Every structure is written in structure tokens, then in C-alpha cells.
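Put chain B on the given structure of chain A with help from the hints.
Taken in sequence, the protein lines are chains A and B. The first sequence begins at 1 in this note's numbering and counts up by one. The second sequence begins at 1001 in this note's numbering and counts up by one.
A few of these clues could be false.
[To be verified] With a Cα cut of at most 25 Å, we get these calculated DSS-like pairs of lysine-lysine:
id : chain 1 : residue 1 : chain 2 : residue 2
1  : A       : 262       : B       : 1206
2  : A       : 9         : B       : 1246
3  : B       : 1185      : A       : 185
4  : B       : 1120      : A       : 185
5  : A       : 206       : B       : 1262
6  : B       : 1083      : B       : 1032
7  : A       : 206       : B       : 1260
[What the hints assert, rightly or not] Going by beta-carbon spacing under 7 Å, a handful of chain B positions derived as facing chain A:
id : residue
8  : 1002
9  : 1127
10 : 1400
11 : 1401
For the record, the hints were derived by calculation from the structure and aren't laboratory data. Remember, it's a predicted structure, so these values are computed and weren't measured experimentally. Every residue gets a Cβ at the ideal spot worked out from N, C-alpha and C, and that includes glycine.
Protein chains: 2
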Amino acid sequence: MTERTLVQKLASTPDGPVRVAGWVETVRDQKKVQFIVLRDETGAVQLVHPRTDVGENPVDDPIAAQISALTHGTFLSVEGELKADERVKLGGLEVKIGSVDVAGVAFPEPPIADDSSIDKRLDWRFLDLRRPEQNLIARVQTTFEHALRTWWIDNDFIEIHTPKLMASASESRAELFEVGYFETKAYLAQSPQFFKQMAQPAGFGKVFEIAPAFRADPSFTSRHATEFISVDSEFSWIDSHDDVMKVHEQLLIAGLTAVKEKHGEAITAAFGVEFEVPTAPFPRIPLAEVRRIVAEGGYEIPRADGDLDPEAERRISEWVKANHGSDFVFVTDYDSSIRPFYHQRHEGDGSITKSYDLIYNGAEISTGAQREHRVDVLIEQAKEKGLDPEELEFYLDFFRHGVPPHGGFGMGLARVIMLLLGLPSIREVIYLFRGPNRLEP
Amino acid sequence: MTERTLVQKLASTPDGPVRVAGWVETVRDQKKVQFIVLRDETGAVQLVHPRTDVGENPVDDPIAAQISALTHGTFLSVEGELKADERVKLGGLEVKIGSVDVAGVAFPEPPIADDSSIDKRLDWRFLDLRRPEQNLIARVQTTFEHALRTWWIDNDFIEIHTPKLMASASESRAELFEVGYFETKAYLAQSPQFFKQMAQPAGFGKVFEIAPAFRADPSFTSRHATEFISVDSEFSWIDSHDDVMKVHEQLLIAGLTAVKEKHGEAITAAFGVEFEVPTAPFPRIPLAEVRRIVAEGGYEIPRADGDLDPEAERRISEWVKANHGSDFVFVTDYDSSIRPFYHQRHEGDGSITKSYDLIYNGAEISTGAQREHRVDVLIEQAKEKGLDPEELEFYLDFFRHGVPPHGGFGMGLARVIMLLLGLPSIREVIYLFRGPNRLEP
Chain A
1 MTERTLVQKL ASTPDGPVRV AGWVETVRDQ KKVQFIVLRD ETGAVQLVHP RTDVGENPVD
61 DPIAAQISAL THGTFLSVEG ELKADERVKL GGLEVKIGSV DVAGVAFPEP PIADDSSIDK
121 RLDWRFLDLR RPEQNLIARV QTTFEHALRT WWIDNDFIEI HTPKLMASAS ESRAELFEVG
181 YFETKAYLAQ SPQFFKQMAQ PAGFGKVFEI APAFRADPSF TSRHATEFIS VDSEFSWIDS
241 HDDVMKVHEQ LLIAGLTAVK EKHGEAITAA FGVEFEVPTA PFPRIPLAEV RRIVAEGGYE
301 IPRADGDLDP EAERRISEWV KANHGSDFVF VTDYDSSIRP FYHQRHEGDG SITKSYDLIY
361 NGAEISTGAQ REHRVDVLIE QAKEKGLDPE ELEFYLDFFR HGVPPHGGFG MGLARVIMLL
421 LGLPSIREVI YLFRGPNRLE P
Chain B
1001 MTERTLVQKL ASTPDGPVRV AGWVETVRDQ KKVQFIVLRD ETGAVQLVHP RTDVGENPVD
1061 DPIAAQISAL THGTFLSVEG ELKADERVKL GGLEVKIGSV DVAGVAFPEP PIADDSSIDK
1121 RLDWRFLDLR RPEQNLIARV QTTFEHALRT WWIDNDFIEI HTPKLMASAS ESRAELFEVG
1181 YFETKAYLAQ SPQFFKQMAQ PAGFGKVFEI APAFRADPSF TSRHATEFIS VDSEFSWIDS
1241 HDDVMKVHEQ LLIAGLTAVK EKHGEAITAA FGVEFEVPTA PFPRIPLAEV RRIVAEGGYE
1301 IPRADGDLDP EAERRISEWV KANHGSDFVF VTDYDSSIRP FYHQRHEGDG SITKSYDLIY
1361 NGAEISTGAQ REHRVDVLIE QAKEKGLDPE ELEFYLDFFR HGVPPHGGFG MGLARVIMLL
1421 LGLPSIREVI YLFRGPNRLE P
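Chain A on its own, in the form it takes in the complex (with noise of 0.2 Å):
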């Protein structure tokens, strides 16, 4: 292993000399004297180097003609001293120069700058994460589901792998990709949805799964990708959807105190954002109350089926804000109308069921709900979804057997990750985002 100091770490070290390996950002390359300004996983520094070929009494100059040649983006390798220095704008220190090793010469020409457009950008998106920010939002997203998982194991939790790979469609035959199988054919998993619901007759009491779903989704928007990351969790014994909800806000709240303490100060200077973390309760607020409460507050959702709109969202988010201090809100008791048949609809009223949408910051990222468990009732509700009963054999299989009361939800990893910093587009926050025209890099 190349043995190198963080840039992180340089200012903690004493004066003397180091090595730092990273790319080059900018090459001042001036008369008498050449600076580099190398960045790593951690930050950049300026790297110095006085030339001796020019002056009174010029000699060779080995690594002067080095630096000259050295193009922006090229990974290398330097040791040389390190040296506090206030007047360096650049974290006040600097290391002069050595020996340069360079270990990948970048093309001259850089195919994208800061100011290209984010389609561009995606095509070139190993350049475009080398931007601090971009390896912000991956530290944050990676302290994010760290978190969120210790909270799962110090709970007990399962984590499992459901496949990705079904014989027959998950929710809907809509928006399924299909895959050649051998002599047949398979769909790929829109969500985990039925398999850690099976956790559940299997006896496994609580599990978790952070994993890929697909989507053949042929929408363009700042929210929507074909494959993302879903983050689901279901457990047995609940009372309603009450309690899922409970197990929910504890666990977002471990994930955002995680990345407050250690990425606070830094999302603050790079996004401009102030998060709070959040505190259990978060507000419930019923669907036909918001819908009221929209209403009251002059906007007509234009949706015939009664769910909220992304404008909806946006606006009980804002009254949420405002009158609660909530950057996040349940809506609960959605229509059964417009929920899927394995939501569980309320003992009383089977137009409404136990389930939510989780709101944060303006937009939805997680759904939730107690699963309905009594097989009878189930298929009930599958046929009046128009479902045919005989094509989900094999989940309603799991209800025959025996299986305990059970709920959970699914959450959006790139959509909180977008909304906790600020950003427009999940395309800013995906490794390598996938939508109907994007397939590559």
C-alpha cells in the first residue's frame, strides 16, 4: 500500500516529511515557482515546487518539466515537506515538492466542467464524483444506511436478501421488466414486498433489506429511476400501522443523528443546510385531513382518485412545517381505493386501510402499512383489485400456514439522501443512475 497522509489529516501533522497521493485539480505552473493543487477522498492541498532551472544560476530541473506536463485529472503520487504556512488560503499549509511519481495520466481535455449540464455530467459521472460534494453525499448516504442498520441489529432485527429474480409479478404486471430465463421467463422484483413479508409465517419476527428494486417506469422526473435502492423493513405483532410507524421514526432519527454528528459542519458549508433531527412523535395526520387542509389552503388537487399530487405534498409539508416545527409528517388511513389489496383496511370503515405515506421535506419517500393476514379476507381483496387469486399462489400460500399480525414499509434511500441535503434531482445523489434513456456508463 502507497503509505500517504490524508489530506484530512495534514493539518494535524507536524511539519516534516509526508507523502499525499490524489489527482490534480489545478496546475499553476508560473516563472520562478509551481503549484499543485491535489485533491483526494478528503480535501485538496497545495503542493509547491521553486524551480531551479531559471534564476542566476539555472540547473536541471527534473521535476519542473514534470509538473509542466502534467495534465488535470492525473492521479499521482508525491512526497516531499510539509509545512504550516498562514499565508496558504488553502488550509495554511503546504508541501513542497520532492519527487512526483505519477501513477495514471489523465487526456489532456477534460470532457465535462463544473457548469455542465447533469445529463452531460452523467455521462462522464466518474469525473462528476470527484467533486467534494459528490463525495459528500456518498459519505452521508454510506453513515446514513450504517446507521440505520446498527439500529436494526442493536434491535434484533434480520437482515435478509430477498431475490430480484420472481416468476410472476410482484404488485402489478405494470411497469415490470421482464428477463429471459433459461426456456422461461422471469420478472425483476419491483419491491421485496411479498419475500419479507414471507420472513413473517417463516417466523423471523423482525427483519430489514437494503437492496435494488426495478421499475419500468417510463416517467422523466426528478424523483423517479428504473432501478433504486429500497430500504424495507417488516416485523410481526403489530397492533396497526401505528406501530410501524413507530419503529419508523426511530429509525430515521438514529440515521440523521448519525449524519449530523459526523457530517454537520460539512453539509452546512457545501449545501447550505441546517438539518434538524427530527423527534419521535412526528406528526399523523389522516389523508382526508390533508386533503382538507390543502383545500383550506387554496389548492384543488387536480387528481381524480384522491391521492395527494407532488404539489399536495409539498404544501402539507409547508403547513406541517409551520404548524408542528415537522420537517416530516405521516398521512395515514389511506383510501383503500387507492392502496394496494394486501394494506389491511380498518376493522370499522373498509374504505380506509392501516397505511401511511411518510412526507420529508415537500416530497414522499416511504410507504408503510399493517398487511392484511387473514388469507380469506385477502383474497377478497385481491379479486376487487381485479387480481386473479390464482396467479398469487404462491403468496397467499404464505397466509395458509399460519402467520402473525405483520407490517412494515419501504423507503427510498436516494429520495431522503436528496431531500435531507437540499438537491433537485436523485440524479445527483445515484452512483450510476438509470432511467428509460440511461443505461450507461
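Below, chain B alone, put in the same frame as chain A:
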């Protein structure tokens, strides 16, 4: 949430009122007294009900009727009186039933029994998973993965989620699943190889991913699946594949230490396995020497290409165990002819690569290597393997705009767990196995 005491916790719970919840493992419906063995995700407990509808002064006994009607596998929640009693074989305690809430009734006849074939058990995997051994496997895997991720996080690796939908092949055209993708087609990633390498020119430094990978491999061996969980890591600024092995062994030590601490005794009890946490360095033996050792042991490898077959892997593993006391061995410096084009070759000898396979308890679990990062060499090696560089353009671009030396490995999660527990097939350890003939449930 149903407030319940997990069976595991009963031993440390004082005598008195408790609620337990789980499924019926057995019912002994005797004349004067009824017994239920109730299992939850942590263990089994005996519930007892002395009948009141028999004897000299019989009174109505609705609970007795409830118990008589119970089917195996039914989920229920029981409130009663916990009492320590040394005479009770099952854990030295029992719960005298106060009331029974049936949550989910099971069909009378369970479709599988303990001695059902693996194929039949996989048909009813959600019932098979109720076996305590299966629950333990899921917990061992959970602990192992979390320890890996924690090691990565502690060592400042970034978690990435690479896309599983690709426009072109990741390694070879063979064994690729094709997906209908709007007006065009896509392929399922066989590994995150190209995309995790992309994190290096992206300046991420060190990355990891645990995610599904897909191979249209028609074989039916005990170690192959068409969908499997791949444990991947990739990092910059290595000097050779030895640096990759150093990371790999530290990671495995972290994972196995956690498993030993949390589940060591349970593993021995359930599987008769007493595994040792390995120490670094694991033995490293070049492939050429492994061939000699295996040949000297009297086994002629039947493969024409000089690669190890499963029997040779078993034999070298046995030899290393006998001669070095290690369950692990890195077989290094594979012939260039049997390695992919992107493995870096030795400076002095282009016929061998800076690569390794890791063999554990008799079978290969992982392949690692330093990657070729010089684009001209990479193109030459691709051509030599009969690949068309034009089809690899998006990948070759990663190396044209600056890239540090790097390497990494991919490891099959199910294989590690199978070999750790001494199980005969990965089908026993995968939540829902996918093979050429199996897409359900």
C-alpha cells in the same frame, strides 16, 4: 405492538404473569392436562393447561377446546403464569395458560416434514425457515455482514450501490441474463466489477458493496445459484495483490470474530462445528506450487487449462490445514490464460497475474487481484482475450482521465456461510434460492 417476552428471555424472567407469542410446534392433548410447545424466533417453551372439564367436578373449559382445535404451525399469543420448574425438560420452565389468542390458523396438514427432500423444503421455504437451524443461519449471516460493514466503515470505506442493469456485458457475453428495456435491451450485472473499479478514477479511494449479482449459469452444483449475494470491495493506491489480501484477511477476521462471539456456542450445538477465528497472515501459495503439492498428493487435475477443480481445492485446503493449521489459503499468481483481461500481470513474467483465489474449508469463496489500470496495456489484454475494445469503451474511459493503481475482490456470501457451518449446499443458507429450474416461491 403485542408486548411479549421472547422465549430466550424467559429463563431470566421472574415467575409471574407473562405473554409469549409464536407458533405451535406440538400439542399433547392429554386427558387431564394439555401441553403446547410454542416456538418463537428465539426458542421454544412448554405451555401447560390443566383441564377443568374433567375429573370429579367438571366445569366448562373453553381453553381446553381451543387447544384441542389447534393445528401445527398456527400462530398464537398466550398470556399466562411463568413458573420455573426443574422437572420440565424444555428449559426448566413452563407457562400455565391463562388465555389464548389465535392470530393465524394453519391448515391441518403441514406440507413438509423434517425429513423432506431439499427440493420439497425449498418449495415451502417459509416453513423450512421455521427450523431453529435456519433461524440461526439467518442470524449468523446478519452478524457476519454487519461486522464486515462495521470494519469497512471504521476503516473509512464508502458504501456504493452499483447498478444491476447494464447496457453491455460486465465480463463475458456468456451466462448473461437479457432484460427487455423499453425500446432496447439491457443485461443483468454478473458482478459489480467495472462499476466498483469506477469508484477509483472517481477518487472515492476505498469502497464496498454487498448486493445481488446474476449469472445465467445452467449448472446444478451445490455451490452455484443464478442469483447470489456478492461481497465486494475495491481500493486505490495498492502496490500489489498482496495489499488486497491484507485487507481481505482483516475483514474476514472481523466477521468471524463477531460470529464466534455472538453465535459460537449455538453453532456448535446446532451444527457440531467448532470453528476457529483465523489469524493473519493466511498462508499464501502460488498456483504453480499448489499444482505441485496436489500432484505429489497423488491427484491429477483433470482440467486442461491448469485451473483447480473442486477436488484440487479440497485437497490443497486439507494440506494447508495439516501443514499450516489454517482453514484459509490464498492461492496466488494465477496464470494469465485463466484470468480475465483486467487482472494485472507480473512485471517480470506476463504469464502470471497479480491475483488470487481464497479457499476456505475446501472450496473457493473469492477472487481478488490488482487491476490493470494502464489503458494501453488493458486494451492489449482485452484483444488477446478475443474481446472487442469498442464494446468496452465505457469501461476503458475510466482509465483515460486519470486513475490510481487499485485492486479488490469479490466474495460469495452464501459460500462463506455454507463452509463456516459445514453445510452441504448453498441452498441451505440462501433465503430463497434461484437456480435454472427454480424461480419460486
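For each hint, the structure was consulted:
1. 262/A / 1206/B: Satisfied, since the Cα-Cα distance of roughly 18 Å is no more than 25 Å.
2. 9/A / 1246/B: At roughly 23 Å apart (the allowed maximum being 25 Å), residue 1246/B and residue 9/A satisfy the hint.
3. 1185/B / 185/A: Holds, at roughly 15 Å.
4. 1120/B / 185/A: holds (22 Å)
5. 206/A / 1262/B: Holds: residue 206/A and residue 1262/B sit about 18 Å apart, inside 25 Å.
6. 1083/B / 1032/B: Holds. Residue 1083/B to residue 1032/B sits at ~19 Å (cutoff 25 Å).
7. 206/A / 1260/B: holds (22 Å)
8. 1002: holds (4 Å)
9. 1127: holds (6 Å)
10. 1400: Holds. Min distance 5 Å.
11. 1401: holds (5 Å)
Hint violations for this structure: none, all hints satisfied.
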